[in-house]
Each structure stands twice: as structure tokens, then as C-alpha cells.
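Enquirer: Here are the chains, one letter per residue:
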Amino acid sequence: MGYPENPILVVIDVDPAGGVASSTGALIGAASTIGAPVALIVGGNLGATDAAAIAGAQVVLTAPGDPAALTVPITDALQAAYRQVKPDAVLISNSIAGRDVAGRLAVREKLAVSVDAIGVTRDQEGIVAHHSVYGGSFLTNSAPTHGTPVITVRQGAVGARADAATATVEELQVPASGAVAAVAGEITAVEQASSRPELRGASKVVSGGRGLGSKEQFVLVEQLADALGAAIGGSRAAVDAGYIPYAHQVGQTGVSVSPQLYVAVGISGAIQHRAGMQTAKTIVAINKDGEAPIFDIADFGIEGDLFAVVPQIIEALEARKK
Amino acid sequence: MKIYVLVKEVPDTYGDRKLDPETGLTDRATGDVVLDEITERALEVALCYADENPDTDVVALSMSPGSATASVRRALAIGAASAVHIVDEDLRGADLGLTAETLAAAIRRGEPDLVIAGNLSTDGSGGMIPAMLAEHLGYVQATALSAVEIGANSVTGTRSADAGTQEVAAPLPAVISITEALPDARFPNLKNTMAAKKKPLEVLSLADLGVSADPAAAPRTILTAVSEKPPRAAGIKITNDGDAAGQLVEFLMQNKLV
Ligand SMILES: Cc1cc2nc3c(=O)[nH]c(=O)nc-3n(C[C@H](O)[C@H](O)[C@H](O)COP(=O)(O)OP(=O)(O)OC[C@H]3O[C@@H](n4cnc5c(N)ncnc54)[C@H](O)[C@@H]3O)c2cc1C
Ligand SMILES: Nc1ncnc2c1ncn2[C@@H]1O[C@H](COP(=O)(O)O)[C@@H](O)[C@H]1O
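Those protein sequences? They're chains A and B, same order as listed. Read left to right, the first sequence gives residues 19 to 340 (our numbering). Read left to right, the second sequence gives residues 34 to 291 (our numbering).
I should point out that these hints are in silico values taken from the structure, not numbers from a laboratory. Mixed in with the good hints there might be a few duds.
Label-pair restraints from in silico Cβ distances [as the list claims (entries may be wrong)]:
#1 211/A x 275/B: 50 to 58 Å
#2 270/B x 186/A: 52 to 60 Å
#3 81/B x 189/A: 45 to 53 Å
#4 308/A x 186/B: 55 to 63 Å
#5 87/A x 223/B: 43 to 51 Å
#6 34/A x 267/B: 52 to 60 Å
#7 82/A x 266/B: 48 to 56 Å
We put the beta carbon where it would ideally sit given N, CA and C, even for glycine.
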């Protein structure tokens with residue numbers, strides 16, 4: 019079949035139930051700014067195809083995949099899609115699964131790969147990926163010397179969204195590569211689904227650190243987050259101490275966030291933590307140590323005991339709502 | 034069993050990290066360099082297995098500038114039996130594709146049963162080299178492991194991925210990557226540091242490996258622009274005298290954040 023002009027092949031992350039992951043809208047949105055989004059869904063359910071079309075995919079390619087085999091079936095499907103569509107670029111979520119697939123495709127098809135883009139554009143010479151590195155202290159652009167770029171896109175970083183499309187759906191014929199895959203067991207979610215906003219891409223984030231002292235007392239962070247309608251994050255010290263799961267770690271080796279409001283509670287502001295949050299629009303810090311480095315980058319700092327201040331903030335916010 | 038551990042030298046994150054505005058490459062003149070903490074943890078995984086299985090050969094492999102010898106020696110001091118250091122002027126600014134191709138060539142030479150890497154570099158945050166190596170080598174891949182059990186013929190572990198955790202099992206030969214959830218590396222004591230000076234450290238060039246850095250050979254990713262953002266400045270700071278909460282809520286209202 020024919021594909022639209024300037025096709026951008028987008029690999030949709032699929033959740034264990036077969037639905038599309040929350041990164042879908044932004045990935046297809048990013049693709050739509052540089053060409054025509056063609057989505058690949060491996061192992062998705064019927065709803066996933068619809069969701070991709072609603073997010074703006076003009077063509078949806080599907081393949082069954084195999085949840086018991088790690089990475090290889092998706093790579094095989096992506097390679098088949100790549101050869102068939104001959105896209106101008108391949109966009110993949112900068113998730114763990116996404117990076118693995120991106121790397122393997124790049125090796126198989128000898129393509130240049132760019133990781134963790136916060137945006138993509140097109141100029142006369144082709145497609146450019148934009149990056150924010152070293153905790154947002156530097157902005158860089160990257161491009162391939164030639165050929166189609168494979169680009170992973172940071173989750174929650176792209177604001178562009180495409181208009182819904184009436185997608186043509188095509189089942190892809192996937193020749194097996196024969197590459198040996200690891201045997202993968204069932205995925206257990208680390209935490210219950212919650213009504214709180216997701217950390218990546220959230221407009222407000224409240225994060226807690228070692229200063230909370232215990233898992234029980236970390237509830238204060240949750241209460242403040244709920245009063246603000248914010249997502250929850252934590253420092254590595256809070257994650258290591260078991261106050262909160264790793265998926266909430268903000269920082270260099272965790273999630274990078276750029277919210278409108280970031281509230282750091284009982285966090286010293288180590289450079290590795292700042293690397294994941296210093297591009298926030300407004301930073302609020304609550305810390306009893308007036309010398310804590312977090313105050314160097316805070317727009318509003320409170321030197322004080324968090325156990326005294328945070329309940330008062332929650333109370334003041336609740337009072338305002340009434 | 035032969036285990037290759039991929040260790041990498043990175044700018045110390047506790048220091049100021051800079052990119053050279055001309056080249057867009059890491060400016061190695063500012064700040065200190067260290068062995069990437071996650072790659073030390075990868076080494077620890079291999080050494081724990083070697084403690085129990087004395088016929089294990091643990092080799093540290095690094096691709097880095099010639100100036101990184103001290104970091105490679107550190108891997109020997111922590112406990113690797115030997116090291117391979119790939120040094121070549123043509124690798125300056127190598128992208129992920131060239132890095133993977135070069136590391137794969139060195140691994141192919143050593144034919145290990147298992148390759149252990151970190152899940153992501155703390156400088157580049159690529160998080161892609163391990164999967165690329167598996168593809169190059171035809172090894173089985175298991176990435177992002179937060180728990181690892183190495184067996185005689187296979188490696189199993191817990192993969193902490195995006196949607197949750199899952200148990201994975203891979204027959205050898207395999208490439209695995211581990212996360213910072215695994216323990217810190219043991220500390221190199223004085224005795225091991227001295228002993229490390231005598232351990233074999235092989236230095237290889239691209240020619241030794243038969244790899245070409247010529248961009249005509251394969252497409253490369255290049256930096257086309259670099260700019261530095263001005264650092265953030267501190268704003269208002271108050272001491273809590275009882276009404277800090279009220280002042281904060283006022284500030285949030287003025288800034289339309291509540
Ligand atoms: C390679 C590498 C990667 C790393 N990656 C990350 C990362 O991704 N994310 C990350 O966060 N860290 C990361 N770290 C760790 C980082 O260096 C710090 O150790 C960590 O951020 C500290 O967390 P913290 O601020 O919660 O704890 P601490 O530094 O111990 O700070 C706790 C703060 O709480 C304050 N406090 C205590 N009690 C109270 C109270 N009652 N009221 C008010 N304030 C109080 C204290 O004054 C202190 O400032 C990394 C480190 C390395 C080496
Ligand atoms: N130049 C290198 N030398 C040795 N190992 C490396 C190098 N680059 C990456 N690695 C390994 O690959 C892992 C992931 O790196 P990256 O894909 O760059 O984030 C690291 O933790 C290292 O174990």
C-alpha cells in the first residue's frame with residue numbers, strides 16, 4: 019500500500035494490558051510537526067489502534083508481538099515497518115523498552131541514532147533533534163551525517179499534539195530475524211494506579227527527600243501534592259530509604275521534569291537532583307538548613323522545619339478552596 | 034567463565050560539568066573525572082560471582098581518551114583481573130553508533146560468556162549501548178536489571194522497566210545492564226591498588242580492532258549547535274517565624290500557581 023508523503027515512523031509503547039502508553043500523544047504530536055505520523059503498534063489491543071488514530075496517526079501498522087520474548091519481536095516488527103515505509107525519521111519513546119528497540123534497529127539498518135530529544139524540527143538539510151543536557155545547563159541540536167535518524171523522545175517533554183486522523187490500519191508481515199531473546203515473565207506493576215498526575219509531563223510536582231525521615235511521614239508530601247493537584251517525586255535518598263518507588267526519582271539517574279511549579283521538601287539539592295528539576299519554571303524549597311544548595315536555585319525558599327511548615331501550607335491551601 | 038565489564042570514565046557529577054562551546058564535546062579540562070558509579074556497580078556484580086567461582090575471569094573494558102588510564106586502573110584496583118583500554122584520536126566525539134561498533138569489536142576478540150554494563154551513563158544518559166552490543170554480537174540481551182543471578186549457562190534477574198518489574202532469563206552468551214539499585218562496588222584498599230599496577234592492561238587502537246571512524250562508512254550523529262543556558266539565580270528566602278506558609282500561598286497566588 020502507499021504511505022503518506024514524508025512519513026515519520028512512530029513506535030508506540032504498549033502497556034501490559036495492550037493499551038497505548040501515555041507517551042503516545044506527544045510522540046505522534048512530535049512526528050506531526052515534521053511529517054506524516056505512521057504508527058507501529060506491537061502487541062496492542064483494538065483500543066490501541068483507535069487511540070493512535072485519535073492521537074493523529076494517519077496509518078497504523080500492527081503486529082502481534084510476543085510478551086514472553088524480550089525486545090526481539092518488537093525490533094523485528096520495527097525493521098519490517100522501516101523497510102516498508104522508508105520513513106524520513108523514526109521516533110521512539112525514550113523509555114527503557116524504547117531505547118532498547120531504537121539501539122537495535124540503528125545497528126541492524128546502520129542508522130544514526132539520537133537519544134533523549136526534547137523536540138524535533140525539520141530544516142533544509144533534514145531532521146534535527148533538540149536536547150537538554152547536563153541538567154538543562156546546555157541545549158544542543160543533533161542530526162545524522164546522512165540517512166534516516168532514529169530519535170528517542172523524552173517522555174513528557176513535547177507539548178505538540180496532532181489532530182485526530184482516520185487512520186488506515188494494516189497488519190504487518192514480520193519475518194523473524196532469528197535473534198535469540200531473553201525469556202520475559204509477567205510484568206507486575208510497582209504501584210497501584212492513582213488519580214494523581216503522572217510525574218513525567220506534570221505541570222506541578224511536589225518532591226520529598228531524606229528530611230521526611232520515614233515512609234509514614236512521607237505522607238505529608240502526598241498530602242501537599244494533593245492540595246496542589248501535583249504529581250509526586252522524590253530524591254534518590256528518599257527512594258533508597260524506601261519512602262517512594264524508584265519510578266518517582268527525580269534527577270540525573272531518574273526522571274527529568276520541567277513543571278510550572280516544583281516544590282522540594284526536605285531535599286538538600288545535590289547537583290544530581292538539580293539535574294532533573296532545575297528547568298522548572300518556579301522552584302519552592304522547604305529546608306531547615308539555610309545553607310542547603312537547593313536555596314541557590316529556589317524562587318521562594320523557606321528556612322524552617324518541614325513538619326511545622328508543610329501542615330500549615332496544606333491548611334492554608336484547603337482554607338482557600340472553601 | 035569470562036565476564037567483560039564495561040566501565041566508563043565520566044565527569045564527576047559533583048563538580049561543574051561543561052560542554053565545549055566550539056565542539057559540543059565534554060570539556061575534560063573543567064572538573065574532575067571519575068569511574069561512572071553505575072559501571073563500578075556492574076563490576077561488583079561480576080566480582081561477587083568471581084568470589085564464589087574462582088575460575089572466573091573478570092575483564093574491565095573501557096573506551097576513553099588516553100588520559101583515562103587512572104580510571105581503568107581503578108577498575109583493576111577494585112578487582113578486575115585485567116583490562117582492555119581502547120584509545121584512539123579518531124574516537125573523539127564518537128556517537129553511540131561508533132561507540133557500540135568499537136566496543137563490540139573488542140568484545141568479539143575476547144569472546145566472553147557474559148557482558149555486564151550499566152543501564153545508563155551518567156554523562157550522556159544514552160542508555161542504549163547494551164542493546165546495541167547485543168545486536169552487534171548476536172548475544173541475548175537483558176537490560177535494566179535491579180537484581181541479578183549469574184548461573185553457569187544462563188543469567189536471570191529482575192528487570193525494572195517502565196510499566197513495572199518482571200523476571201527475565203537469558204541463556205549465555207548475554208549482554209546485561211544493571212541499575213543503581215544494585216550494591217556499590219567494594220573499596221580498593223592499598224594492597225589491591227598496588228597489585229593493580231602489575232595487572233595486564235592492554236591498549237588497543239581502532240586499527241587493532243579493524244573499525245573505521247570514517248563517517249562515509251556509516252551515518253553518524255553529529256552535534257550541529259550548542260548553547261549554554263544562564264544559571265538560575267536564587268529568589269526570595271524567608272525564615273519561618275510562624276507565617277511562612279501564608280507568605281508562600283500568597284506567592285503562589287500572585288504567580289497564578291494555585
Ligand atoms: C551518579 C549519581 C547519581 C545520582 N542520581 C541522583 C538522582 O537522580 N536523584 C537524586 O535525588 N539524587 C541522586 N544522587 C544522589 C545525590 O547526590 C544526593 O545524595 C541525594 O539527592 C540526596 O537526597 P536528599 O536531598 O533527600 O538527602 P540529603 O542530602 O540528606 O538532604 C536532606 C535534607 O533534608 C533537610 N531536612 C532534614 N530534616 C528536615 C526537617 N525536619 N525540615 C526541613 N528540612 C529537613 C536537611 O537539612 C537536608 O538538607 C546521585 C548520586 C550519584 C553519585
Ligand atoms: N565508552 C565506553 N566505554 C566503556 N563502556 C561504555 C562506554 N560507553 C558506554 N558504556 C557502557 O554502557 C553503559 C550504558 O551507556 P550509555 O548507553 O552510554 O548510557 C555504561 O554504563 C557502560 O557500562
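Enquirer: All hints are to be evaluated individually against the structure, with a verdict given for each.
Expert: We went through each hint and held it up to the structure:
1. 211/A x 275/B: 50 to 58 Å: violated (39 Å)
2. 270/B x 186/A: 52 to 60 Å: At roughly 58 Å between Cβ atoms, residue 186/A and residue 270/B fall inside 52 to 60 Å, so the hint holds.
3. 81/B x 189/A: 45 to 53 Å: holds (46 Å)
4. 308/A x 186/B: 55 to 63 Å: holds (58 Å)
5. 87/A x 223/B: 43 to 51 Å: holds (48 Å)
6. 34/A x 267/B: 52 to 60 Å: Violated, since residue 34/A and residue 267/B (Cβ atoms, about 44 Å apart) do not stay within the stated range.
7. 82/A x 266/B: 48 to 56 Å: holds (54 Å)
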